[in-house]
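Protein chains in written order, with our numbering: chain A, 112 to 483; chain B, 112 to 483.
Treat each hint with caution, since some may be false.
The list treats identical chains as interchangeable, and a pair is accepted whether it falls inside one copy or across any two copies.
No farther apart than 20 Å at their CA atoms in a straight line, the calculated lysine to any residue pairs in the SDA-like style are these [claimed, not checked]:
| id | residue 1 | residue 2 |
| --- | --- | --- |
| 1 | K275 | H287 |
| 2 | K201 | D282 |
| 3 | K363 | S397 |
| 4 | K475 | T458 |
| 5 | K127 | P415 |
| 6 | K411 | L373 |
| 7 | K363 | E208 |
Note that these hints are calculated values from the structure, not bench results.
There are 2 protein chains.
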Amino acid sequence: MAIWRIINMDKLTLDKIDDFLRGTAFLGTGGGGNPYVGGLMLRQELEKGFEPKLIKGDEVGDDDLILPIANMGAPTVLVEKLPNAKSAVKALRKMEELMGKKATALIAAEAGGINGTLPFIVSAYTGLPVIDADGMGRAFPELQMCTFGVYGVNCSPVIVRDEKDNEMVVDAENNHASEMFARVICMQMGTKSEICLYPMTGKQMKETSVHHTVTLAYEIGKSIGDARVKGTDPLEGIVDYFKNSFDKRFCKLLFQGKVTDLLRETTDGWARGEVKITSLTDPNDSILVKLQNEFLIALKDGKPLAMVPDLICLVDLENAEPITAEDVRYGQRVNVIGVSTPPNMRTKAALDTFGPVPFKVYDKFIPIEEIK
Amino acid sequence: MAIWRIINMDKLTLDKIDDFLRGTAFLGTGGGGNPYVGGLMLRQELEKGFEPKLIKGDEVGDDDLILPIANMGAPTVLVEKLPNAKSAVKALRKMEELMGKKATALIAAEAGGINGTLPFIVSAYTGLPVIDADGMGRAFPELQMCTFGVYGVNCSPVIVRDEKDNEMVVDAENNHASEMFARVICMQMGTKSEICLYPMTGKQMKETSVHHTVTLAYEIGKSIGDARVKGTDPLEGIVDYFKNSFDKRFCKLLFQGKVTDLLRETTDGWARGEVKITSLTDPNDSILVKLQNEFLIALKDGKPLAMVPDLICLVDLENAEPITAEDVRYGQRVNVIGVSTPPNMRTKAALDTFGPVPFKVYDKFIPIEEIK
Numbered sequence: 112m113a114i115w116r117i118i119n120m121d122k123l124t125l126d127k128i129d130d131f132l133r134g135t136a137f138l139g140t141g142g143g144g145n146p147y148v149g150g151l152m153l154r155q156e157l158e159k160g161f162e163p164k165l166i167k168g169d170e171v172g173d174d175d176l177i178l179p180i181a182n183m184g185a186p187t188v189l190v191e192k193l194p195n196a197k198s199a200v201k202a203l204r205k206m207e208e209l210m211g212k213k214a215t216a217l218i219a220a221e222a223g224g225i226n227g228t229l230p231f232i233v234s235a236y237t238g239l240p241v242i243d244a245d246g247m248g249r250a251f252p253e254l255q256m257c258t259f260g261v262y263g264v265n266c267s268p269v270i271v272r273d274e275k276d277n278e279m280v281v282d283a284e285n286n287h288a289s290e291m292f293a294r295v296i297c298m299q300m301g302t303k304s305e306i307c308l309y310p311m312t313g314k315q316m317k318e319t320s321v322h323h324t325v326t327l328a329y330e331i332g333k334s335i336g337d338a339r340v341k342g343t344d345p346l347e348g349i350v351d352y353f354k355n356s357f358d359k360r361f362c363k364l365l366f367q368g369k370v371t372d373l374l375r376e377t378t379d380g381w382a383r384g385e386v387k388i389t390s391l392t393d394p395n396d397s398i399l400v401k402l403q404n405e406f407l408i409a410l411k412d413g414k415p416l417a418m419v420p421d422l423i424c425l426v427d428l429e430n431a432e433p434i435t436a437e438d439v440r441y442g443q444r445v446n447v448i449g450v451s452t453p454p455n456m457r458t459k460a461a462l463d464t465f466g467p468v469p470f471k472v473y474d475k476f477i478p479i480e481e482i483k
Numbered sequence: 112m113a114i115w116r117i118i119n120m121d122k123l124t125l126d127k128i129d130d131f132l133r134g135t136a137f138l139g140t141g142g143g144g145n146p147y148v149g150g151l152m153l154r155q156e157l158e159k160g161f162e163p164k165l166i167k168g169d170e171v172g173d174d175d176l177i178l179p180i181a182n183m184g185a186p187t188v189l190v191e192k193l194p195n196a197k198s199a200v201k202a203l204r205k206m207e208e209l210m211g212k213k214a215t216a217l218i219a220a221e222a223g224g225i226n227g228t229l230p231f232i233v234s235a236y237t238g239l240p241v242i243d244a245d246g247m248g249r250a251f252p253e254l255q256m257c258t259f260g261v262y263g264v265n266c267s268p269v270i271v272r273d274e275k276d277n278e279m280v281v282d283a284e285n286n287h288a289s290e291m292f293a294r295v296i297c298m299q300m301g302t303k304s305e306i307c308l309y310p311m312t313g314k315q316m317k318e319t320s321v322h323h324t325v326t327l328a329y330e331i332g333k334s335i336g337d338a339r340v341k342g343t344d345p346l347e348g349i350v351d352y353f354k355n356s357f358d359k360r361f362c363k364l365l366f367q368g369k370v371t372d373l374l375r376e377t378t379d380g381w382a383r384g385e386v387k388i389t390s391l392t393d394p395n396d397s398i399l400v401k402l403q404n405e406f407l408i409a410l411k412d413g414k415p416l417a418m419v420p421d422l423i424c425l426v427d428l429e430n431a432e433p434i435t436a437e438d439v440r441y442g443q444r445v446n447v448i449g450v451s452t453p454p455n456m457r458t459k460a461a462l463d464t465f466g467p468v469p470f471k472v473y474d475k476f477i478p479i480e481e482i483k
């Protein structure tokens, strides 16, 4: 059993990119947009000689301006209507203009999915370093579902842009209202927008972020990749990694089976649905995974196996490749993995924002490690 | 038969307000929001001693900043969710901030309905004069349906605000896109917003406006009021007024009858529907008036009697009080009056924006005076 430690991922290089992308897909818990397209964009920049710089949260000054940059929309749309790097850079520039200050560094709003990659692409255009942190250490469907907001950063102003240079500035009464206004605008843009939001100081970033999540994504992806190279079971690679990782996460195989029923619809600006997974050995043994962009809860006979904000990740049964919600297919054989989230994702304030109650999937949060 | 002339309405005083409101309701052609509430707000300011100043378009400098201010939303909602003067003033101030310049004067985006009154209310809070002009000389449901836009003024930026200080800045690729983005935001605000849009120079205002429409509203209202006082037929008062008014409009009684069928729904952010009006003497003789916020076309046996942008106005059969679309009731006895619009509302560019084709109610525009 390997002892994992923080790998010095100060540069995201071409040889690391596949592991990194696989890790962002895993942290996406089904959502956050398929990293494949973002990966192609990033690879193109790296091949042109771009050297992205990853810095730790404590490397920036307390008064520096830190800007999260992201794609907003339904993942089902994001695979067809591609991210637009120039639009993302314009969103950043517009926010700098509103703040009357140049940004010192970029940060991912969410580490999971395509939004784990986007800051590096914007970095290629701007030279700004990317901070090894994000606002959730995973992916979530709504803008207010973010530790930045939970711990006091204002989501507004939100710059919402598209590739046609439609540019909206949302300044809303609270973070939930910011989400609602940005969402209808995003839907009008075709359910895919580039956004810049939660403008914050270095101090706010240090206090409110989930740290080391870029490194975490890379290391998860590497644990799977390494197992494949060694010929060992990649599922064990993942479980071992989390148990021994720098922030000691709880990790557990929740279920093994094949997809026997699938409901997925793009509605109200989201991909919603549920996936039924049936045991390979017992046709009467099955679980249900509910999704709103991300996998929100895994239920067996109506009882939870894991729930938000803990991570519920579907990976391929053979090679442990993470499966995003829009790529789930009938008949797919999968492992369902549950992973605990860090303490600042489980406070009352955090759960009131992105726990099972606001998602309306369960009446209270039960940590994955307490579920028998 | 009286010969009408432009009355010196440089001040809108308490004794003129009822006539003015009645005229804005008439020009609203069923839409633009019921002027009653705006009238109460304005009356309150006048009673406190406010002296609004109405100026002619040529009284401002070519480089002055002229700002149209309006309420956006469905008229059916505007009678329940009231206009907010402070929010309108904040929209104005936000636009001044974006333009880097103070406004010299206000202008109504539409002379008809509540939006004919709103600039005077904002004037009470700011001291800014109101220009005797607007962007259509009536009311229209969509932001791009405006002579300002038809003749080259950019609708964006649009400030869209509500009473909770949610404030959005729309900067869209064209005027129709401005409408679409502002509309979804307005719907999210509860289908009622204060907006500031089409920021323009004095020169642009002079060249693109429909002029003298505040005076026109007052004089229409006065022609009805005077007839009531004199005991003459107010319907004749209206027809006579238009035939002899300063801009020589064609005016005609299209139909007389009672409302025998009524479909009205608030959908997609608009009040839509149709009104069937049946002759008082012949139950087989009826017309159909279609509406989207405003009355768009009057049809008899499928053939048009009048259509947008010409005015179709419903007034009470007895006292000629204008009836807004949300106040149409089953059994109401009405006169349906048609009035021609000025030449700059009937150019190809104008008809391409707000003629019967974009409204999808008829395949070509036929001027009311050419319909037998």
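For each hint, the structure was consulted:
1. For the homomeric pair K275 and H287, the shortest alpha-carbon distance between copies (13 Å) is at most 20 Å, but the shortest distance inside one copy (27 Å) is not.
2. In this homomeric assembly, K201 and D282 come within 20 Å of each other (Cα to Cα) both inside a single copy, at 18 Å, and across copies, at 13 Å.
3. For the homomeric pair K363 and S397, the shortest alpha-carbon distance inside one copy (17 Å) is at most 20 Å, but the shortest distance between copies (74 Å) is not.
4. Taking the shortest Cα distances, K475 and T458 sit within 20 Å of each other inside one copy (13 Å), while across copies they are farther apart (64 Å).
5. In the homo-oligomer, the alpha carbons of K127 and P415 never lie at most 20 Å apart, since the shortest distance is 36 Å inside one protomer and 70 Å across protomers.
6. Taking CA atoms no more than 20 Å apart as the test, K411 paired with L373 passes inside one copy only; the shortest distance there is 16 Å, against 53 Å between copies.
7. Taking the shortest alpha-carbon separations for K363 and E208, neither the intra-copy value of 46 Å nor the inter-copy value of 55 Å comes in at or below 20 Å.
Violation of the numbered hints given earlier is confined to hints 5 and 7; the remaining hints are satisfied by the structure.
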